[in-house]
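From first to last, the protein sequence lines are chains S and R. Using my numbering, read the first sequence as starting at 1 and increasing by one per residue. Using my numbering, read the second sequence as starting at 1 and increasing by one per residue.
Read the hints as simulated data drawn from the structure, not as lab findings. Each residue gets a CB set at the ideal place from its N, CA and C atoms; glycine is no exception. Be careful, since some hints might not be right.
Stated by the list, open to error - Partial chain R-side listing against chain S, Cβ under 10 Å, derived:
id : residue
1  : Ala61
2  : Leu63
3  : Leu77
4  : Val96
Residues per chain, in single letters:
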Amino acid sequence: MSDLVPFAVAVPIVGSVLALLAGLARSKTGWPVAVVASAVHVGVAGELARRAFFEGTVRYVVGNFEVPYGIELVVDGLSATILVLVAVVSLGVLGYARVAGPRSNAFYAAYMLLVTGLTGLSITGDLFNMYVFLEITGLAAYVLVASGEGGRSAVAALRYLLVGTVGASLFLLGLGYAYVATGTLNMAHLAELLAEVGHTTTLVRAAFAFIVVGLLIKIAVFPLHTWQPEAYASSPDSVSGFISALVSTVSAYALVRVVYTVFTPEFLAANPLAQDLLAAAAAVSIVAGSVFAVAQTEVKRMLAYSSVAQFGLVLAGISLVNEMAMVGALVHLVGHAIMKGGLFLTAGLVATETGARTVDDYEGLADRVPLGATVFGLLAMAMVGIPPAVGFVGKWYIALGAVETGSWVLTAVIVGSTLLTLAYFARLVERMFFREAPVAPEETGATADEADIAADGADVPAADGGDRPSTPETVSFGMYAVVVAAAVLALALGAAVFEYAQYLQPTVTSLLS
Amino acid sequence: MIDVLTTRYYYLATFLLLGVGTYMMIGNRNIVKKVIGVNIFQTGIFLFFIAAAYLDGANPAVLTTDAPHVSPLPHVLILTAIVVGVSLTAVALGLVVRIYDEYGTLDADVLWEVRNDE
């Protein structure tokens with residue numbers, strides 16, 4: 001019955017290969033192939049999640065080897081959540097990319113490869129297998145970032161590649177330490193053997209340090225975030241939406257897996273310093289990310305720095321080691337993916353419609369792109385954490401967890417993070433809804449009519465005259481549908497969290513025991 | 001201490017390679033050399049795994065049941081990691097070619113500046 005598990009990985013791989021092959025016969029066939037593969041993937045992920053939540057953990061050993069030797073795929077409540085998130089978001093972004101995105105078959109092949117890597121990361125039960133999927137994710141992400149026009153995205157991708165490779169290599173080194181200490185790579189088996197070796201031995205501590213730092217680079221926690229703003233800001237709109245929603249999120253999930261399943265909470269209990277350092281990294285990331293976000297003039301860069309802050313919040317949830325914070329971290333992971341992905345996509349939509357890419361360009365946006373501005377405003381408010389949006393619920397659970405363990409400094413930072421988030425979103429919302437659009441383009445002194453036409457059409461030159469990645473001509477129905485769906489989800493998921501937390505309970509309990 | 005240095009020299013070599021690789025990535029202005037730095041960095045880790053499996057006077061674990069033999073698993077893992085490394089290098093060099101086509105330079109400092117002016 002558990003034969004369905006490998007299909008979760010196989011479907012996107014087949015989709016990737018088919019997209020590439022179809023391109024040999026006819027160009028522009030990539031999109032339909034990717035959509036079909038993605039839809040099947042959503043079905044498989046949904047069914048696996050149903051089983052994981054209602055029938056208990058699903059396990060599958062690849063190639064029928066015995067468990068500590070073979071590669072195990074495990075779907076429990078935690079991985080099922082991320083699996084469904086990956087499947088749904090990738091299908092959604094495809095709807096957006098139909099008109100907005102790069103349209104070559106090679107692009108869709110890389111896109112499905114990224115989905116493969118993310119899926120594999122979320123369901124693997126083997127540490128080395130996790131490394132391989134981490135690199136597949138990384139490789140596909142570098143390629144996608146570079147798929148923008150102009151040299152800027154290639155430079156950003158190369159920088160991302162250099163830093164990302166160091167991260168993955170540190171992960172590999174750390175798992176080498178764990179392997180030397182125990183002689184196994186299966187996560188569940190590692191957990192037992194690491195406890196036998198002793199959680200305070202240097203070898204085990206070093207393994208933890210290398211693996212966690214490697215993953216923190218991939219998540220882009222301050223000060224290891226240097227690759228991230230440029231990569232998000234210079235990739236095509238649909239790619240930055242997709243990558244910002246999923247890549248860091250799944251890496252953060254991998255961190256949860258490593259900390260809780262492999263090293264177990266006992267490791268953190270035996271090494272209070274490790275736990276304190278995680279919490280400190282979280283606090284610094286929240287504050288620094290927000291401060292940098294306020295300083296940005298380009299909207300996409302601002303959103304990218306905002307991610308640094310939000311993943312600080314998730315890291316805080318991970319470092320607290322209790323049920324509340326754990327559920328909070330997971331809810332915030334899912335919520336952040338939907339909100340941030342939606343924000344990037346909306347920013348892309350607005351840029352397509354009006355050419356507005358900087359914070360100042362957003363003045364009076366509500367008059368020019370009413371629906372886009374509304375969606376952006378709603379998602380921004382959800383991100384700040386206005387109830388009932390999902391952004392509020394995640395923060396609330398994490399904050400409750402911090403109160404429960406009595407870590408008051410962290411509590412203050414988490415509660416304060418709401419204000420910090422408001423600091424950079426409020427100025428955009430204020431510009432969009434409460435200011436007049438600049439009437440005439442300065443250089444010509446055009447009449448009001450011409451200014452109107454210019455504001456409506458796509459022929460507005462980019463504000464700074466630089467050669468931005470050129471934008472597509474029209475905003476399609478699909479683009480609007482996807483961003484509206486993201487906004488609705490961000491608001492609606494908040495209500496579903498309580499029920500979800502109940503289903504997640506067994507998984508969280510088993511992870512924390 | 002001396003004892004550790006003389007018997008565990010391959011671990012020293014590992015960390016030397018890691019250091020050289022990191023330095024090349026940070027210190028070199030030429031982006032091709034940065035890519036070579038990544039390769040050296042990864043090679044250090046490969047060496048770590050292979051050294052971890054090594055056993056003095058042991059046979060390779062191929063077509064033999066004679067004990068003792070070296071642990072084959074880290075070698076297999078490293079084969080996979082090498083494949084990953086090769087694909088990374090390929091992607092990196094592809095990006096380098098595109099950057100050169102676009103800007104006509106391989107100097108990282110110039111590239112970051114060009115990027116800031118845009």
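Structure-based check of each hint:
1. Ala61: 14 Å, violated
2. Leu63: 20 Å, violated
3. Leu77: 6 Å, holds
4. Val96: At 7 Å from the nearest chain S Cβ, R/Val96 passes the 10 Å test, so the hint holds.
Of the numbered hints given earlier, the model fails hints 1, 2; all others are met.
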